[in-house]
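So the sequences go chain by chain: A and B. Those letters in the first sequence? Residues 1 to 254, per my numbering, in order. Those letters in the second sequence? Residues 1 to 254, per my numbering, in order.
Because the hints were derived from the structure by calculation, they are not lab data. Certain hints may be false.
Identical copies carry no separate label here, and so any pair may be met within one copy or between two of them.
Stated by the list, open to error - Below 20 Å or equal to it, Euclidean Cα-Cα: the simulated PhoX-like pairs (lysine-lysine) are:
1. Lys76 to Lys54
2. Lys54 to Lys193
3. Lys195 to Lys224
4. Lys142 to Lys231
5. Lys64 to Lys142
6. Lys64 to Lys149
7. Lys76 to Lys149
8. Lys142 to Lys18
9. Lys40 to Lys54
10. Lys193 to Lys40
Just so you know, these numbers come straight off a predicted model, no measurement behind them.
Protein chains: 2
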Amino acid sequence: MSEKHLQTGDALPPYPGKLRLFAMRFCPYAERSVLVLNAKNIPYETVFINLDHKPDWIFYYSPKGTVPALEYEAGKGIFDSNIINFYLDEKYPEPPLQSADPLRRAQDKMLVENFSGAQAAYYTAAFNSQALQSSHLETYQKGLDLLQKELETRGTTYLNGNEPGLIDYTIWPFLERFQALPLLGKTDFAIDKSKYAVLVTYIEAMKNVPAVKSYYLPPETHAKFTESRSKGDPDYNMLDTSAVCCMRPRKKKE
Amino acid sequence: MSEKHLQTGDALPPYPGKLRLFAMRFCPYAERSVLVLNAKNIPYETVFINLDHKPDWIFYYSPKGTVPALEYEAGKGIFDSNIINFYLDEKYPEPPLQSADPLRRAQDKMLVENFSGAQAAYYTAAFNSQALQSSHLETYQKGLDLLQKELETRGTTYLNGNEPGLIDYTIWPFLERFQALPLLGKTDFAIDKSKYAVLVTYIEAMKNVPAVKSYYLPPETHAKFTESRSKGDPDYNMLDTSAVCCMRPRKKKE
Numbered sequence: 001m002s003e004k005h006l007q008t009g010d011a012l013p014p015y016p017g018k019l020r021l022f023a024m025r026f027c028p029y030a031e032r033s034v035l036v037l038n039a040k041n042i043p044y045e046t047v048f049i050n051l052d053h054k055p056d057w058i059f060y061y062s063p064k065g066t067v068p069a070l071e072y073e074a075g076k077g078i079f080d081s082n083i084i085n086f087y088l089d090e091k092y093p094e095p096p097l098q099s100a101d102p103l104r105r106a107q108d109k110m111l112v113e114n115f116s117g118a119q120a121a122y123y124t125a126a127f128n129s130q131a132l133q134s135s136h137l138e139t140y141q142k143g144l145d146l147l148q149k150e151l152e153t154r155g156t157t158y159l160n161g162n163e164p165g166l167i168d169y170t171i172w173p174f175l176e177r178f179q180a181l182p183l184l185g186k187t188d189f190a191i192d193k194s195k196y197a198v199l200v201t202y203i204e205a206m207k208n209v210p211a212v213k214s215y216y217l218p219p220e221t222h223a224k225f226t227e228s229r230s231k232g233d234p235d236y237n238m239l240d241t242s243a244v245c246c247m248r249p250r251k252k253k254e
Numbered sequence: 001m002s003e004k005h006l007q008t009g010d011a012l013p014p015y016p017g018k019l020r021l022f023a024m025r026f027c028p029y030a031e032r033s034v035l036v037l038n039a040k041n042i043p044y045e046t047v048f049i050n051l052d053h054k055p056d057w058i059f060y061y062s063p064k065g066t067v068p069a070l071e072y073e074a075g076k077g078i079f080d081s082n083i084i085n086f087y088l089d090e091k092y093p094e095p096p097l098q099s100a101d102p103l104r105r106a107q108d109k110m111l112v113e114n115f116s117g118a119q120a121a122y123y124t125a126a127f128n129s130q131a132l133q134s135s136h137l138e139t140y141q142k143g144l145d146l147l148q149k150e151l152e153t154r155g156t157t158y159l160n161g162n163e164p165g166l167i168d169y170t171i172w173p174f175l176e177r178f179q180a181l182p183l184l185g186k187t188d189f190a191i192d193k194s195k196y197a198v199l200v201t202y203i204e205a206m207k208n209v210p211a212v213k214s215y216y217l218p219p220e221t222h223a224k225f226t227e228s229r230s231k232g233d234p235d236y237n238m239l240d241t242s243a244v245c246c247m248r249p250r251k252k253k254e
């Protein structure tokens, strides 16, 4: 475990003899894999890295230097949040985080794909305001509409069913960050509580899922990091990551 | 089955009561799903569409109007070649087209991801020569190096093992098209038979896989279509698709 985000020149800590996840504390893609590791109660450690001054060794695990990357045995890595998460769900089958139905699995993947436009619009609104157009807001709201409609159609507490699954842990990191947009002056991007009542209920339920709760950061914290990054000087170490990050395995529903 | 590529204004043929794949005869992504349907000997029909003048109904199956899209029951679709192919492999498990080992499955997905740069370089070389730089050739050759190294490491006839699998059917449509590049004047993109001896042996083996053979088009044909598309007037209907496309299920190793 790293208490600070490691950067160029910092040594790679010794392999801990268990899974190790390379992440960045504010990265939504890395969060996807943190949540799945937490949900499965798999022992792991996290190494946070500075994405502006990457240590050389990250490229050994992830050819483009992206996070997350999972060191599954000493010196061997898997990159890409989706590849990691499907691997974890297949390798550590309890609890299963996907439907056994091939069609539902395909529908979940299509939902992630169809939601990706809203993610891109979020990034523009958060980090590239000058490029922001009304079409971004439309795409963002289409994403919210899509999720709400899907929750209504499925009629379950979570997208996965009555327990959260891969689909929820894949979408959630973005919903967590969407709520920082109004604090960044993007009031049009606030999630309307009456129009999106079903989605808001889902968001509140997700916040209380143990795997999510232990890694959750409030909108104010996401907004603060986003502002530092927009200014060109991301404050990677603004949190004491030894305290906020769930490094110890937790029991489900503890 | 459509004998010509259907376009704006053309009616959607009646649902045939079996799987239906929306495709474009020269699209490598659509070919990925054609090959998996063939390999599994699943009865299906193909509807080819004109990607420059798309019929309205394609958007019902594929939100961005991309192919392939699979109509798995009347009026209901799955889009994206990878989502379709994993669905088919889970829904129709014989023969299985993936390793049972979660790590190998993750490695296959990473290989596809790492090869994607070479695909992008191919598109630039084939369709956007003016933008072609030496870096594209480097990226292309890195992709060839990667495949050859992977074949050497795995030591099997196919990337999947001694029988071809999803990974082979996912990569193949690009290898098929790469061989058209020298005919388009991109002689630097020719696959050197001595440097890439292992890869060339693999390419020859793949050409003889029944699922591939029945849909294979020679480099000359790909070059001809590419030239028509580069001129802004893609000749979608240059082939009699009722003859070249395998619409009837075939026995494995017939």
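Cross-check of the supplied hints:
{"no.": "1", "hint": "Lys76 to Lys54", "verdict": "within (18 Å within a copy, 45 Å between copies)"}
{"no.": "2", "hint": "Lys54 to Lys193", "verdict": "neither (40 Å within a copy, 38 Å between copies)"}
{"no.": "3", "hint": "Lys195 to Lys224", "verdict": "neither (28 Å within a copy, 53 Å between copies)"}
{"no.": "4", "hint": "Lys142 to Lys231", "verdict": "neither (29 Å within a copy, 36 Å between copies)"}
{"no.": "5", "hint": "Lys64 to Lys142", "verdict": "between (31 Å within a copy, 14 Å between copies)"}
{"no.": "6", "hint": "Lys64 to Lys149", "verdict": "between (36 Å within a copy, 19 Å between copies)"}
{"no.": "7", "hint": "Lys76 to Lys149", "verdict": "between (41 Å within a copy, 17 Å between copies)"}
{"no.": "8", "hint": "Lys142 to Lys18", "verdict": "neither (41 Å within a copy, 32 Å between copies)"}
{"no.": "9", "hint": "Lys40 to Lys54", "verdict": "neither (29 Å within a copy, 45 Å between copies)"}
{"no.": "10", "hint": "Lys193 to Lys40", "verdict": "neither (32 Å within a copy, 48 Å between copies)"}
The structure fails hints 2, 3, 4, 8, 9, 10 (numbered hints given earlier, in ascending order).
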